[in-house]
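Enquirer: Using this note's numbering, the first residue of the sequence shown is number 117, and each one after it goes up by one.
Among the hints, a few may not be true.
Said to hold, decoys possible - So the derived label-pair ranges between C-beta atoms look like this:
1. Phe155 / Asp132: 14 to 22 Å
2. Pro131 / Glu154: 23 to 31 Å
3. Lys122 / Glu156: 16 to 24 Å
4. Glu154 / Pro129: 17 to 25 Å
Since the hints were made in silico from the structure, they are not lab data. A virtual CB, placed ideally from N, CA and C, is assigned to each residue, including glycine.
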Amino acid sequence: MRRKDKTSTITVPIPDHRELLIGTLMSIIGPSGVPRAEFEEAT
Numbered sequence: 117m118r119r120k121d122k123t124s125t126i127t128v129p130i131p132d133h134r135e136l137l138i139g140t141l142m143s144i145i146g147p148s149g150v151p152r153a154e155f156e157e158a159t
């Protein structure tokens, strides 16, 4: 998944398995630009 704006492109990996290690999840949340709280609400 990619997010582009005027100055940069952020690539966010989408793992192909159900469970993620917390470190993997945090490395996806950080660059996504989506607040961590939104990920917590979605669960």
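Enquirer: Within 17 to 25 Å: is that where the Cβ-Cβ distance between Glu154 and Pro129 falls?
Expert: 18 Å Cβ-Cβ, so the 17 to 25 Å window holds.
Enquirer: Given a hint of 23 to 31 Å, does the C-beta separation of Pro131 and Glu154 actually sit inside it?
Expert: Between Pro131 and Glu154, where Cβ atoms are some 18 Å apart, the hint is violated.
Enquirer: Honestly, do Lys122 and Glu156 meet the 16 to 24 Å range at C-beta?
Expert: Between Lys122 and Glu156, where Cβ atoms are some 30 Å apart, the hint is violated.
Enquirer: May I ask you to test the hint 14 to 22 Å on the CB atoms belonging to Phe155 and Asp132?
Expert: 19 Å, holds
Violated hints, listed in ascending order, are 2 and 3; each of the other numbered hints is respected by the structure.
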